[in-house]
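Trainee: Letter by letter, the chains look like this.
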Amino acid sequence: MASTQTAELPRAQIAGRRGRFPWHVVVFLAPATLIYTVFMVYPLLDSLRLSLFTRDEAGVESFAGLANYAALFFDPQWSDRFWNALGNNVLFFAVHMLVQNPIAIGLAALLALPNLRFTNTYRTLMFTPTLLSVVIIGFIWKLILSPTWGVAKSMLGTVGLGSLFAPWLGQEHSALITLALVSVWQWVGMPLLLTYAALLNIPDSLTEAARVDGAGQMTIFWRIKLPLIWPTIGMVTILTFVGNFNAFDLIYVAQGALAGPNFATDILGTFFYRTFFGFQLQLGDPTMGAAVATIMFLIILAGVMTYFYLVQRRLQRYEL
Amino acid sequence: MSHSFLRGAFLAGAALVAVSSQAMAADATLTIESWRNDDLKVWQDTIIPAFEKTHPGIKVVFSPTAPTEYNAALNAKLEGGTAGDLISCRPFDTSLALFQKGYLAPVTDLKGMDTFSDVAKSAWITDDGKSLFCVPMASVIHGFLYNKSVFESEGLTPPKTEAEFYALLDKIKAKGEVAPLDIGTKDQWEAATMGFQNIGPNLWKGEEGRKALIAGKEKFTDKPYVEAFEELAKWKPYLPEGYEAQAYPDSQNLFTLGRAAIYPAGSWDIAAFNAQADFKMGAFPPPVEKAGDKCYISDHTDIALGMNTKTKNPEAAKAFLEWLATPEFADIYSNALPGFYSLSNHPVTVKDPVAAEFLGWRKTCESTIRNSYQILGRGTPNLENELWNVSAQVMNGTLTAQQAAEQIQKGLDSWYKPAAK
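If you're matching them up, the sequences are chains G and X in order. With the working numbering applied, the first sequence covers 2 to 321. With the working numbering applied, the second sequence covers 649 to 1069.
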């Protein structure tokens, strides 16, 4: 939990004693900059450029200004789907924030208890789903929840709750929540490990001092440990945000690119896929797809910046 | 948490490279792009060996993609220059667009193109009728398949009219042993293809209604189309439990396991069902409103094969396309894949009884094709994709027939202006 402030070195020291141009800095930065430029910066800028163009039937590109964005926001054909996808995406993120992260923190707190046995076993078991391929996760859950073959129905039946079963993935009001929970089940291991590591970093002397002062485990968690891991929780939040707004694979595996029923599970990723690559008889529209991708990028950028300027700076860090 | 596109795109790219480098290994190897992944075995075991026997030196690889992803994958491959030599063509506008972009070579002058009727060619010809860009392969017919052993044990007979159809469904439902009608809405397309386009032609009078839609004389909000959606809504109580989350393979398995009585089908299902089901199947055409009414069937020109303009083996590809026009191919194809009916004029005897039953309807009923393909399939929102969505919603009960019809017409109106009134 060291402070992030770096001590400033005098310029002369960086440049060397005689004030020569610091070539070694360039040399050390070059490989990373080069790779990053070729594989990240250039594709990003090129897709920004592409989003300002349009293609006619013969595939010839011509400059169209902001026409793609205008269509995306104001032409009901595009905007209905876009706002729907954005709304679904916000809900998808909300489920992760409200379910995944609290569960992860709770489990991490339990794992970090001093007298718990089999800690490693629990940790491994909880992290296992995260290691599995999304394709496998999607397929397994589709089978589990299938009204025709799935075990969910008979398992609920054995405990007398059979009437609660519904074809969750096929109903508009439940499909997205169901998939969000599947995603939570898969990814809960990540925030779990991060918060667990942060909790282990808290020196025993602090908790012992609290116990001497008469605090119980609950008080220690709420008053001592939680404030100390806020920065980690902040990082988990931002990772969840970026991950969710880039999400695509689980929806695609479970519901297909059409993100049914009636686009109830359509998020920005699947919306982008259908726009860019096309689906069934609808042909792909690369320029419009680039516009969607740009908007996704801007949403994520805005979210991350808001976090850094408004939240990160106010987080208190304690020197331990 | 780090599910990124890049990773997926990278893997897909790597897979493409692997596939294409494989294809380039031998000199005259032809790769066929197709969405018929169910037919892989038949192509490998029957059709390709027959071709390779008469054409030494040419190797053919059949490389199918999942049906719903086919067009997206194909377009990406064509743009990236990694598509196969021969390309399966969807009918009408989708393939026309590929031809206009220069991805498909004209095949007008190939030997044997005169063995295809104008109707067969109409799906893969430019609007002016001058350039043929794919060689017609097969059409598929819609109808209903039924489990003969269920019907026999209950003493049921296939229905002729709508009233008989629902009476039959009621009987099976009352018995409660199997699902009366086997179709799900999770994958959406079955609701439109095996539902709406299956029973619809009887209501909109086949070609008459289809052409009236193109000419702008009829609208989807007119009676026949709303009625077609109403029929779909009436199917709801007879569907398997949890049909909202039932995918196409689920429906197929339910039927072949004998857990459903009637399956709204496309004839392409016959081959797979023959292999899996251990009971006898029968088939009946979509029931008509009153006994004696003229019946119409969806006899859809479904598959053709075109040549990639960038192929490295144009001569071998042409040889394969010309072979498609021979009687030999017509016979092999129609019988190796019962349910796909060759479009050439060569007389072919279909040996499979169920497939022959479907084919027999051509004599008693009038044929039409799906109304969302020709000309009306050109715009955004895509009519076919929209029909999937609303048909599934009508069956789910989240849209009424009237709302569905209005939504479809609204989407069509937004881009389609009928030529001359």
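Check each hint, because a few of them may be wrong.
[Said to hold, decoys possible] Each computed DSS-like pair below joins lysine-lysine, with the alpha-carbon atoms no more than 30 Å apart:
#, chain 1, residue 1, chain 2, residue 2
1, X, LYS859, G, LYS143
2, X, LYS707, X, LYS808
3, X, LYS928, X, LYS823
4, X, LYS928, X, LYS865
5, X, LYS853, X, LYS884
6, X, LYS871, X, LYS1011
7, X, LYS821, G, LYS154
8, X, LYS882, X, LYS749
9, X, LYS882, G, LYS154
10, G, LYS143, X, LYS749
11, X, LYS853, X, LYS882
12, X, LYS749, X, LYS859
13, X, LYS882, X, LYS865
14, X, LYS769, X, LYS884
15, X, LYS859, X, LYS689
16, X, LYS725, X, LYS796
17, X, LYS853, X, LYS871
18, X, LYS821, X, LYS759
19, G, LYS154, X, LYS819
20, X, LYS884, G, LYS154
21, X, LYS884, G, LYS143
22, X, LYS796, X, LYS821
23, X, LYS769, X, LYS958
24, G, LYS154, X, LYS707
25, G, LYS143, G, LYS154
26, G, LYS143, X, LYS707
27, X, LYS823, X, LYS882
Hints listed in this document are in silico derivations from the structure and should not be mistaken for laboratory results.
Trainee: Now tell me, hint by hint, if it's right for this structure.
Mentor: Hints and how they fare:
1. LYS859(X) <-> LYS143(G): violated (41 Å)
2. LYS707(X) <-> LYS808(X): Judged against 30 Å, a Cα distance of about 48 Å means the pair is violated.
3. LYS928(X) <-> LYS823(X): holds (20 Å)
4. LYS928(X) <-> LYS865(X): violated (44 Å)
5. LYS853(X) <-> LYS884(X): holds (24 Å)
6. LYS871(X) <-> LYS1011(X): holds (28 Å)
7. LYS821(X) <-> LYS154(G): Satisfied, since the Cα-Cα distance of roughly 21 Å is no more than 30 Å.
8. LYS882(X) <-> LYS749(X): Between LYS882(X) and LYS749(X) the Cα gap is close to 43 Å, so the pair fails against 30 Å, i.e. violated.
9. LYS882(X) <-> LYS154(G): holds (26 Å)
10. LYS143(G) <-> LYS749(X): Given pair LYS143(G), LYS749(X) is violated - Cα atoms ~39 Å apart, limit 30 Å.
11. LYS853(X) <-> LYS882(X): It holds: about 21 Å lies between the C-alpha atoms, which stays within 30 Å.
12. LYS749(X) <-> LYS859(X): Judged against 30 Å, a Cα distance of about 27 Å means the pair holds.
13. LYS882(X) <-> LYS865(X): holds (28 Å)
14. LYS769(X) <-> LYS884(X): violated (38 Å)
15. LYS859(X) <-> LYS689(X): violated (38 Å)
16. LYS725(X) <-> LYS796(X): violated (44 Å)
17. LYS853(X) <-> LYS871(X): holds (12 Å)
18. LYS821(X) <-> LYS759(X): violated (54 Å)
19. LYS154(G) <-> LYS819(X): holds (27 Å)
20. LYS884(X) <-> LYS154(G): holds (21 Å)
21. LYS884(X) <-> LYS143(G): holds (22 Å)
22. LYS796(X) <-> LYS821(X): holds (16 Å)
23. LYS769(X) <-> LYS958(X): Status holds; Cα separation ~23 Å.
24. LYS154(G) <-> LYS707(X): violated (49 Å)
25. LYS143(G) <-> LYS154(G): holds (13 Å)
26. LYS143(G) <-> LYS707(X): This hinted pair is violated, its Cα atoms lying about 39 Å apart.
27. LYS823(X) <-> LYS882(X): Cα-Cα ~19 Å, so holds.
In this structure, the earlier hints numbered 1, 2, 4, 8, 10, 14, 15, 16, 18, 24 and 26 are contradicted, and the remaining ones agree with it.
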